[in-house]
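Undergrad: Line order of the protein sequences matches chains A and B.
Per the UniProt record's numbering: the first sequence = residues 1 to 429.
Per the UniProt record's numbering: the second sequence = residues 1 to 429.
Do not rely on the hints blindly, as some may be mistaken.
Which copy? The list can't say, so a pair holds if one copy fits it or any two copies do.
Said to hold, decoys possible - Here are the computed lysine to any residue pairs in the SDA-like style, where the Cα-Cα straight-line distance is at most 25 Å:
| no. | residue 1 | residue 2 |
| --- | --- | --- |
| 1 | K257 | D174 |
| 2 | K278 | Q172 |
| 3 | K278 | D174 |
| 4 | K278 | L295 |
| 5 | K257 | R81 |
| 6 | K251 | D32 |
In case anyone wonders, no lab produced these hints; they're calculated from the structure.
There are 2 protein chains.
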Amino acid sequence: MANMHLNLFIMGCGHHKAAWRHPRSSVERLADIRYYEELARLAERGRFDAVFFADGHAAGNIADGPLWTLEPLTMLAAMARATEHIGLISTVSSTFYTPFHAARMLASLDHISGGRLGWNLVTSMFDSEARNHGLEAMPSHAERYARAEEFANTVLALWDSWSDDALVRDRQGDYVDASRVRPVHHHGEHFLVDGPLTVPRPPQGHPVLFQAGASDQGRDLAARYAEAIYAVAYDLPSAQAYYSDLQARVKAAGRPKVAIMPGLVTYVGSTEEEARRKQRELDELLPVDSSRRQLSQFIGQDVSDWELDAPVPELPPLEAFSGPKGRYATILRIIESERPTLRQLLGRLAAGGGHCTMVGTPERIADEMQRWVEQGGADGFNLMPPSLPDSIEDVVEQVVPELQRRGLFRREYQGRTLRDHLGLARPGR
Amino acid sequence: MANMHLNLFIMGCGHHKAAWRHPRSSVERLADIRYYEELARLAERGRFDAVFFADGHAAGNIADGPLWTLEPLTMLAAMARATEHIGLISTVSSTFYTPFHAARMLASLDHISGGRLGWNLVTSMFDSEARNHGLEAMPSHAERYARAEEFANTVLALWDSWSDDALVRDRQGDYVDASRVRPVHHHGEHFLVDGPLTVPRPPQGHPVLFQAGASDQGRDLAARYAEAIYAVAYDLPSAQAYYSDLQARVKAAGRPKVAIMPGLVTYVGSTEEEARRKQRELDELLPVDSSRRQLSQFIGQDVSDWELDAPVPELPPLEAFSGPKGRYATILRIIESERPTLRQLLGRLAAGGGHCTMVGTPERIADEMQRWVEQGGADGFNLMPPSLPDSIEDVVEQVVPELQRRGLFRREYQGRTLRDHLGLARPGR
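Starting from the given sequences, assemble the full structure and let the hints guide the process.
TA: And the structure:
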C-alpha cells in the first residue's frame with residue numbers, strides 16, 4: 001500500500017481564528033523564528049513530508065487576530081538549518097514576483113536545505129495585495145492564470161539553465177563549463193528574461209512544484225505543472241470528485257499521477273468526549289458579537305437573537321441566496337450534515353471552514369484518514385491544526401503512531417530530499 | 001577616541017579573482033550555507049560590526065571564476081541563526097525589487113536576527129541584470145536614482161506603518177491596536193503602495209540603511225538617507241577628499257555625521273616578506289593569458305609581449321585615453337605609486353582594483369588603519385579579504401588584537417543590535 005503523505009500547514013497560532021486567545025497560545029512568539037523552528041522539528045519528529053506556509057501581501061483585518069507575521073522565504077532558510085529531513089514549502093505568488101526573483105530565491109533555499117524545498121504556486125486574490133505592488137487592482141482571473149503559466153515555464157527554464165555537471169571547478173582551468181550554462185532568452189507576453197540564473201542548478205533539479213487548483217483554469221494549470229496538489233474537500237464524496245477529476249486532467253496532460261492532499265482540521269482526544277471538549281474550548285474563545293455579525297453578513301440575515309447553544313435553524317436553499325455562493329454553500333453543508341448549535345457553527349467557520357474536520361480518538365481519526373486514502377479521495381493530508389503546537393502534538397504523538405502501526409505511514413525517512421519523501425523522480429539536465 | 005568599525009565583505013572564495021584556484025580554497029563549498037555561517041562566526045569572533053553581501057542579478061562571466069552563488073537574503077536568515085551579535089547586511093537593488101518586497105523581507109530578517117539587519121541600497125548597473133527582470137536595458141543613471149529615492153522613502157514608510165506598541169495581544173480583546181497600524185497610501189511617480197506592511201515594526205525600528213554613493217547623485221542620496229557609507233578610496237588623500245565631501249553633504253542635509261567605511265584589501269604576515277609572499281602566491285594563480293588580454297582591453301594597447309616579472313612601462317596620460325576613464329585612472333595610479341611588475345599589476349587589478357591595499361605585519365597595518373581614522377579618512381573599514389577564510393583569519397587573529405591593544409576597537413560587543421554596534425539611535429514610532 002502506498003505511503004500516506006502528511007504536511008503541516010503552519011498558520012499563526014493555529015487555523016482556528018480564536019486560537020491566539022487561548023491562555024497557552026504562542027501569540028507572544030509569532031515574530032520569534034524559534035517558534036517556527038520548533039514546529040518544524042515537531043513535524044520532523046512525526047516524520048511528516050513537509051511543513052508549508054501560505055502567504056499574503058496585505059495586512060488584512062488584524063484587530064481580530066494575527067494573519068501574517070514573518071515572510072515565509074526568510075523563515076524557511078532558518079527552519080532549514082534547524083531540521084535535517086523535513087520538506088519546506090513556501091507559497092510564492094506569480095502575480096507579485098518576477099520569475100527571476102522566484103527562481104533565484106527558491107534555488108538558493110533548495111541549496112540551503114540540501115534539496116528539501118517546495119514551491120506552492122499561487123496567483124493571489126485580493127486588490128489590497130495588488131495595491132501593495134504597484135497595481136491598481138488584481139488582474140482578472142484569466143489574466144492571472146495566463147501569467148502564472150508563463151511564470152512557471154520561465155522559472156523551470158531558469159532552473160534548467162545550469163546543467164547538473166556545469167560546475168567544473170578545475171583550479172588549473174575553468175570554474176564552469178560555459179557550454180553547460182545557457183541563457184534562457186525568454187521573451188514572452190508577460191516576461192523578458194535572458195538568464196542564465198546566478199544560482200547553480202538546485203540539488204533537486206527543480207524544487208517540487210505544488211499547486212492548489214480549484215477553478216477550471218486552476219485545475220488545468222495544476223494538471224500540467226503540479227507535482228503535488230493541495231485540495232479543499234469538505235467530505236469524502238467531494239474529495240473523491242475532486243480527486244478523480246484532477247487525476248483525469250493529469251492523465252490527459254500525459255503526466256503520471258500526482259499526490260493530492262486535502263486540508264484537514266483535527267481535534268484529537270483519548271476519548272470522543274475529550275476531543276469534543278478541545279473543540280468546544282477553542283470555539284468558546286470566539287468573540288461572540290463579531291462572529292455573529294460576520295455570520296449575519298455571510299448568510300444575509302440577522303442572527304443576533306439566535307440562541308448560542310441551540311441548533312441553528314434551517315436556512316433558505318442555495319438558489320434563493322443572492323450573495324457569494326461558495327461560503328453560503330459551505331454553511332448549508334455544515335448545517336445539514338452536522339446539525340450544529342450556533343456556537344458550533346461559528347467555531348467550524350472559524351477553523352478551516354470548507355475543509356474536512358475530524359474530531360475523535362486517534363483510532364477513529366486514523367480510520368477516517370485510511371478510508372479517504374483507500375477510497376480514492378486523497379494521497380495524504382495537509383494538516384491544518386486548529387491550535388499550535390497543541391493540535392499538531394496530538395497528531396504526532398497519537399495519530400501518527402496509529403498510522404504507522406497500520407503500515408500507512410513511514411516510521412523513518414527513506415531519503416534526504418522532499419522529492420524522496422514524495423516518491424518523485426529528480427529531473428536531470 | 002571613537003571606536004573603529006569593521007565589516008567583513010564576503011565574496012565567493014575571496015576578493016582576489018584567482019583565490020578559488022588556491023589548493024586550500026573553499027570553491028567546492030560555495031553553495032554550502034555552512035561555509036557562510038563559519039565566516040560569519042569567524043567575523044563575530046573578531047567582534048566585527050557586520051558581515052556584508054554585495055548582489056548581482058546576472059550570472060556574468062563565470063568560466064573565469066565564481067561570481068554569485070546563493071541569494072543573499074536567504075543566506076542571511078541562516079547566518080542570523082548561526083550567530084548572536086554580528087550585524088548582517090544585504091544589498092537590495094531598488095531597480096529590481098518592489099518597495100513592498102524589500103521592506104517585508106528586510107523587516108522579517110530584522111526579526112529573525114533580533115535586530116541585526118542592514119540594507120545596502122544600490123540601483124544596479126548592468127543591462128544583463130535589467131534583462132533578467134523584464135527591462136530591455138538599464139534605466140538611465142538619473143532615472144535609477146530618482147527611483148531609488150522614492151524607493152527608500154516608501155520602504156521607510158512601510159517600516160513605520162506599525163507603531164512600536166501596535167501589538168496589544170489582549171486575549172480578551174484586540175490583537176493589535178488598529179489605530180497604530182496605518183496605511184501608507186503612497187502614490188508616487190514610480191510606486192503605488194497602500195500598506196500597511198504585513199510584518200510588525202522591526203526590532204531596530206528601521207534596519208540600518210547603508211549606501212555607497214560615488215557619483216554626484218549617489219553622494220547626495222547617501223547624504224540624505226544613509227546611516228553608514230561604504231566607500232572606494234585608493235589612498236589616504238582620496239579617502240580624505242571623499243570623507244570631507246560626504247560629511248559636508250550630510251551636514252547640509254541637516255543630519256549628524258555618518259560612519260564612512262572604505263573598502264580595504266589586506267595581506268597580513270608576521271614579517272613584511274611573509275605578507276608579500278601571500279600576495280605573490282595569489283597573484284601567481286592568475287591565468288596569465290586571459291589576464292593579459294583583459295589588461296590590453298583596459299588600456300587600449302597590446303601587452304602580450306610585456307615581460308611578466310619586469311616593471312610595467314609608463315602609459316600615456318589620462319587625457320590621451322579614449323576608453324572608460326575610471327579604470328584607466330586606477331591603473332595609472334597603481335603604476336605611478338607602486339611601480340609594479342606586470343604580474344603585480346595584474347594581481348592588484350584582480351583584487352579590489354581601486355580599493356586601498358595594505359600589505360605587511362599586523363603592527364604596520366594597524367598603524368595605517370589608525371592613521372586613516374585619525375586623519376579624517378575613515379570611521380572604519382569594509383574588509384575585502386583577498387582569500388577566504390585565510391585572509392580574514394589573519395585579520396581576526398593578528399590585526400584585531402593589535403587594534404584592541406591600542407584601544408581602537410571593541411574587545412566585547414556592548415549591545416545586541418547593529419544599531420548598537422554602529423552607535424546609531426533607534427528611530428521610535
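Undergrad: Each hint: holds or not?
TA: Right, here's what the structure says about each hint:
no.	hint	in the structure
1	K257 with D174	neither (42 Å within a copy, 46 Å between copies)
2	K278 with Q172	between (66 Å within a copy, 19 Å between copies)
3	K278 with D174	between (62 Å within a copy, 23 Å between copies)
4	K278 with L295	within (23 Å within a copy, 74 Å between copies)
5	K257 with R81	neither (32 Å within a copy, 39 Å between copies)
6	K251 with D32	neither (44 Å within a copy, 38 Å between copies)
In this structure, the earlier hints numbered 1, 5 and 6 are contradicted, and the remaining ones agree with it.
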